Amino acid sequence: MERFLKILFSAVFFALVALPTLCLFGVKEDFTSLYGYEKIAKTPELSLATFRSRGFQDAFSESYAKTFFLRKTFLKTAYQMREWMNLGQFHYGYAQSLYEGRDNVIFERAYSQFHLRCPRPGGKEKYREAVALLKDIDAWCTSIGADFVFVPVADKHQAYPEYLPRWHDWLWNYTNYDTQAELAAICREAGVKVFDASTYLIGMKPRWEHWTFAPSGHSYNAYGSGLIYQGFLDAFAKMKTVNRLVPNQFKGVCPKKEEWYKDDDLGSLLNIWYNPRLAANPHYEPLFAETNKVMNPGSAVFFGDCFRNNAKKICQAAKLFDPAKMIDCQRYGQQKAQGLVPYAKDLKLLVMTFQSFNTGRLDERREEIESIFKALKEAREICQKKQGS
Amino acid sequence: MVFTSAVFLGLFLPAMFAVYFLANNSARPYVLLSFSLLFYAWGEPSAVVTMVALMVVNYVLARAIAASGERRWLAKTLLTIGVAADLGALVAYKYLGFLAENLLPVLKTAGFGYEIPKIALPIGISFYVFQIISYIVDVYRGTVAVQRNPFKFMLYVSLFPQLIAGPIVRYATIAQDIENRTANFDNIVAGIRRFAIGLAKKVLVADAMASMVDVIFAAPVESIPCFYCWFGAIAYTIQIYFDFSGYSDMAIGLGRMFNFRFLENFDHPYSSCSIQEFWRRWHISLSTWFRDYLYIPLGGSRKGKLRTYVNLFIVFLLCGVWHGAAWNFVVWGVYHGIGLVVERCGFRKVVDRMPRPLGNAYVLLFAIVGWVIFRAPDMGYAWSYICNMFGGATAAFTSFSAVLDFIALDKLLLLVIGCVASYPVFDAVTRRVPETVRLACGIVFFAITYVLAITSAYSPFIYFRF
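Line by line, the protein sequences give chains A and B.
In terms of this note's numbering, the first sequence is residues 7 to 395.
In terms of this note's numbering, the second sequence is residues -1 to 464.
None of these hints come from the bench; they were simulated from the model.
Mixed in with the good hints there might be a few duds.
Pulled from the structure, derived: some chain B residues nowhere near chain A, Cβ distances all over 10 Å [to be verified]:
1) Val5
2) Leu7
3) Tyr91
4) Leu94
5) Gly95
6) Asp136
7) Asp184
8) Val187
9) Ile336
10) Pro353
11) Gly389
12) Gly390
13) Cys417
14) Thr428
15) Tyr448
If we take Cβ atoms under 8 Å as the criterion, some of the chain B residues that face chain A in the derived model are [stated by the list, open to error]:
16) Gly8
17) Leu9
18) Pro12
19) Pro43
20) Ala45
21) Ile190
22) Ser382
23) Ile384
24) Met387
25) Thr392
26) Ile441
27) Phe444
28) Val449
Here the structure is a predicted model, which is why all the values come from computation and not from measurement.
The beta carbon of each residue, even a glycine, is placed where N, CA and C say it ideally should be.
Bound conformation, chain B alone (with noise of 0.2 Å):
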């Protein structure tokens, strides 16, 4: 169920709050797993026994982690096989046909004939696998209590505003609103008022850059100008942007309805002035899990320099697999690690002298590239493509009449406010406008968002196939 959907507008929230707020306090948890389930279920109803099989294996192991106590050879055993029972399903389901389709050419040859057949990937499990770890993990080191309740546990696994795209929400995060909440007047509207914001970014802006982006990329590249070439991939550049974060500041505002405070996922990542900052800045929840999960455990910078770069070059790799089961992620992903290796090697001392602007030409200039290799069908057209960017297109550039009749004036408008909105610079301004101001615009933006919305044809989030 897409939040954008009229099934989840028009039905599934309202339906939500009149069964969360008619019940008692005791029973809201209880109210908001169903529907976190039903949620999970109405778009993967046969992936929902995965998922359930393993809150079910790691609330066990949690448990067993937990009771362990001073036998940390059993605790480190357990957590062992826990990691390897999430990590082996996100594995088989949605890197083994990648693997197979790789690997089976040259094992062929060797004489291995074994088909491997496709599975469906189950939506989301690549966050909530991650949100699993990262609690099995904190409860053997000691971070976080363990969850004696399995119901309360499903809550923190399933809780449907993050469930599937997203921010990968710590448990010590929420283990405190999932104990304890009340209904809070302030919260709700807080809420709505940023779940209000998360919509006119999907829908305002990453839609209406999608549907500019999905005809540039879907043209034969060769036939793709120079110009167009830029415009795709900056237009590209602000619709993940505006995709991904407006989906989770829907997510943190619908938490918030329910009195649960997620992090925040994005701190205006295009203002950054280097790679690193970028990183700082883009699906925090996912670069921090990284940096305490992955980074810090195999030694993080403290085992001299080689060994940081190794570890920085594992990491981002990584994190570029774990986008997809796709040579592009994988590029994408080696492709930052590379870029933060440089910076470290001395190269982020000459960006630090830079004037800031320049710094962030930089960085916006690695980003755009990046996303280039993220979004082309594979990796050749992701090559010309860029070629084609850097000078080497043979179409021939039509007209401006002819590239307005292409954008629109409301998408060019969208893409300036786009481009305009990933600096801090609205926060700056709204901050000066008084406070009734700003309500009594949020509701007139809020209704014509959603109106937008509510009308609009299903459009996934992209965020959904990772």
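Just chain A, same shape as in the assembly (with noise of 0.2 Å):
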């Protein structure tokens, strides 16, 4: 019987080790599934120079830990052990990108590491150093006649710490700082046309009627996305692109089925956690009052960060453009000056969205924000040659 055993471990043992090798000889199995919570696996490229570099080898580790065979059943498998374990409840240490709040609000890590970190001194200085950028680009979009501006938003935990976790409330009162009312007074006074969409939203929460995100969502939804679109239209009533636009007011949202953008972007990472509950969301359509007004003939770019979508999309709802003629760029660094030729032509607004980052992370945004800003001139001088043609 011993001697069964032995073989039999030994024969688990390798089993284990050698089944994920499969994925090698093309046994592959259906991810599908799993797609959502992490992306796709660069494709690794041997040479002696990715090999020096370490490249090859970060791709090849990341490739294979996210393709190997029997990964899918081996995932579930473990979730559903820590899940049991956890009497249900998933939980900050075992999550890789999430984690559950009080009344099965999710969250997500990044932002919550964020949030748990002290400031950090000199955080000021950062800050005037991404202004003065911003500056530039505000100065750029005047001298086209169009106009800038910077809209930092507040994070899911920013709008709803009442729902996170108990265990946050020790460290929140310490290590929770405004970073965006930061910024946007630093814009002021730089002369940097700026609508805090974060004091404004969170000063209104008394009278919030429905979610402003979803409970497994990390952004807006158009409930959210409505408020702060009919806050920035107020602030800017005077403003000389937005005086010319008529746009129909946001009154509000009804319940839809499906999704309304993202809401519940977060749900789908929960794929998962067999954890149906956790995913039960509140669906809404934004709704407006109609004007007869036609709509501004110029064309809108909204870049940043994730809301930058939700802008355009409500914008687009609520007819302020030409859907046509406005965009988010995608990335930032990644949008190619050809893409935005159709837009810098006609430039009226240029809008930059900014939720909670430390300033270690705005730092690391500067070079994609010059590379949207250079882009754009780039398109911009395109644009002007071709007319000089």
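Assembly of the complex is requested from the two constituent chains, each provided in isolation within its own frame, with the hints serving as guidance.
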């Protein structure tokens, strides 16, 4: 019996370590249900240079860790075991990107890590550096007859701290600081147009009629986006671009069966958790008071963090601009000038959004903002050359 | 490459086994050497050159020392050159930045205007340099025969299970295994079992503790209530033991699968009743290395009390420095050095007269405070944290429900298991269980741990940075 068990033990060991390698021989699992919570790994390229720089090793490790045979089965088993051990609650410690707060509200771990860190000294200096760049963008926009508006927005942690898990309580009071308000103040000092959507939205929290973020989402839903949109219009009613606009007024939301934009963006990450209760979200559709006036004939470009897309989407729903004349730059640093040419020609509104990030993150983003700005300028030059010829 | 990573568990290991067991006996050392170098190059491609250069230098010097025969002065000179080269490499890679950071401001005021470039620390250098030194010293002392085959010497230094985080294996321990090994089924099973235990220690306990410890130690120190300070310190005490001893278990297990027998590196250190005993049980390969290659050559305890104290202090100061180029580690080493000197001065007699649980509580308290110094980002943080632990906290405690919310049930359970398993309780219990039951439980246990490990995110071992 002992001998048999020893053979069985070694057979289980060798089977478990060998089975994942089957992916190298073309045996693949269907990963569709796992997509959404991680990026698809890059294909590793082997060369002496990539090996020496560790580029190959990192890419290969990441790719292998995401595609080995039986990964889906192993992941589901692992999470089931952990959920079972935790009596149904999935927890900060082992969730890779999410954790559960009070009343089954889901939060994203990256934001939590930001909020749990104390303010870094020298933050204001970093903000000033960033604002100096925004001022350049503002000056350029003014020179071409457009408006630039910087829109800092609150993240879900700031909007719903009461739903954070209880263990956040002891840290929250020490570490929760309003980077958006701080940045907005510096923008105002520098003369950059800013709409502090964070202070605005949280200020009207007692009057919220619905969720502004879905319980299992990290993006603003139709209601949250609509409130910010209306605040933005009210704040800039006198702005040269907006006063030419004849926007529809936001009048609230009505229930909708499917998602409005990405209400359930964290929900899609839940597919491995066996926790359907966490994905039970109310979905809304924005409602507007229709006007019979024409929309602004110019173009609008939205860039920044994930809110840029909500901003574009709600402006589109409100018919602020022609939908074909609005673009949200997909990602910082990846925007090519050519893609912006149709919008740069008669650009009227440039909006940059910003959610809570520490100063280090802002520093990282500087390069990306510069590249967007550069792409826009190049696009504008291309337009001018075309007009000249 | 981390032992718990998908690439190691699900690719390197099976590939290694397949090639190793398909090769004939004489080719196996070369298979092991190739895979060991690949293992190292995978994480540190450029550092392989440093490691190979040190191997070549020490191989040649060791051969020359062995050939120097009766000319002890020549052997001594060659040994000095070898040790200086090894320590020089260690200092250059590990401590130059730290020295520059602390000395340059002073030197700049005296008109010295050079900048010292930052050099990346090759992973595992502290471990393999100590192995090489032990080898060359042992050859000089005549306690081991010199290895004539350069590839087998390279295999001794670069053997992947212990290459990057120990244990520090003496040449004498595996000299026989390097020369002659045959595949043995019982050894493979024993190795798998030991590897599974190490994997469980790391994945189940150490990583679970790390997730809580990281949150607490990332918080502003003034915001941490006393309870959380103790909780964080105790969780880290468990984490570092299970992390490091887990790695050692995996290394010993992997070695055993290939018929290498490494010595034990841990022996339930938290069950000690004196600091001296703690160091006989904690990171045994390092403490015995310092004993044999530093403490005894310095005179040990043979040259009077004062010299003994000085020797102990030097050894532990350097032991602290070995762990890292930062003031925390220096202070941690000094802290343990002082603790040992105080025990030697007579406190040990007091401790010996204490009931065993009281003696153990004293060691635990000493170790826990020491780990705070070790873990804190800087000495200012460590000091404030320790003050918080002993009543200086200004932040108010919220509620036990919040504590439970933070800890989570599984981790609380794992913390308790970790505390219990730090004592030789499990060994005593499992000895009474029939082997068949142990094997059956082992299979299930390994399968669970393996699934959790291969699906977990990258989590580097603490000792990799040393």
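Okay, the hints, checked on the actual structure:
no.: 1; hint: Val5; in the structure: 5 Å, violated
no.: 2; hint: Leu7; in the structure: 6 Å, violated
no.: 3; hint: Tyr91; in the structure: 17 Å, holds
no.: 4; hint: Leu94; in the structure: 23 Å, holds
no.: 5; hint: Gly95; in the structure: 21 Å, holds
no.: 6; hint: Asp136; in the structure: 35 Å, holds
no.: 7; hint: Asp184; in the structure: 8 Å, violated
no.: 8; hint: Val187; in the structure: 5 Å, violated
no.: 9; hint: Ile336; in the structure: 32 Å, holds
no.: 10; hint: Pro353; in the structure: 36 Å, holds
no.: 11; hint: Gly389; in the structure: 18 Å, holds
no.: 12; hint: Gly390; in the structure: 16 Å, holds
no.: 13; hint: Cys417; in the structure: 18 Å, holds
no.: 14; hint: Thr428; in the structure: 15 Å, holds
no.: 15; hint: Tyr448; in the structure: 5 Å, violated
no.: 16; hint: Gly8; in the structure: 3 Å, holds
no.: 17; hint: Leu9; in the structure: 6 Å, holds
no.: 18; hint: Pro12; in the structure: 4 Å, holds
no.: 19; hint: Pro43; in the structure: 5 Å, holds
no.: 20; hint: Ala45; in the structure: 11 Å, violated
no.: 21; hint: Ile190; in the structure: 5 Å, holds
no.: 22; hint: Ser382; in the structure: 13 Å, violated
no.: 23; hint: Ile384; in the structure: 19 Å, violated
no.: 24; hint: Met387; in the structure: 16 Å, violated
no.: 25; hint: Thr392; in the structure: 11 Å, violated
no.: 26; hint: Ile441; in the structure: 5 Å, holds
no.: 27; hint: Phe444; in the structure: 7 Å, holds
no.: 28; hint: Val449; in the structure: 5 Å, holds
Hint compliance for this structure: hints 1, 2, 7, 8, 15, 20, 22, 23, 24 and 25 are broken, all remaining hints hold.
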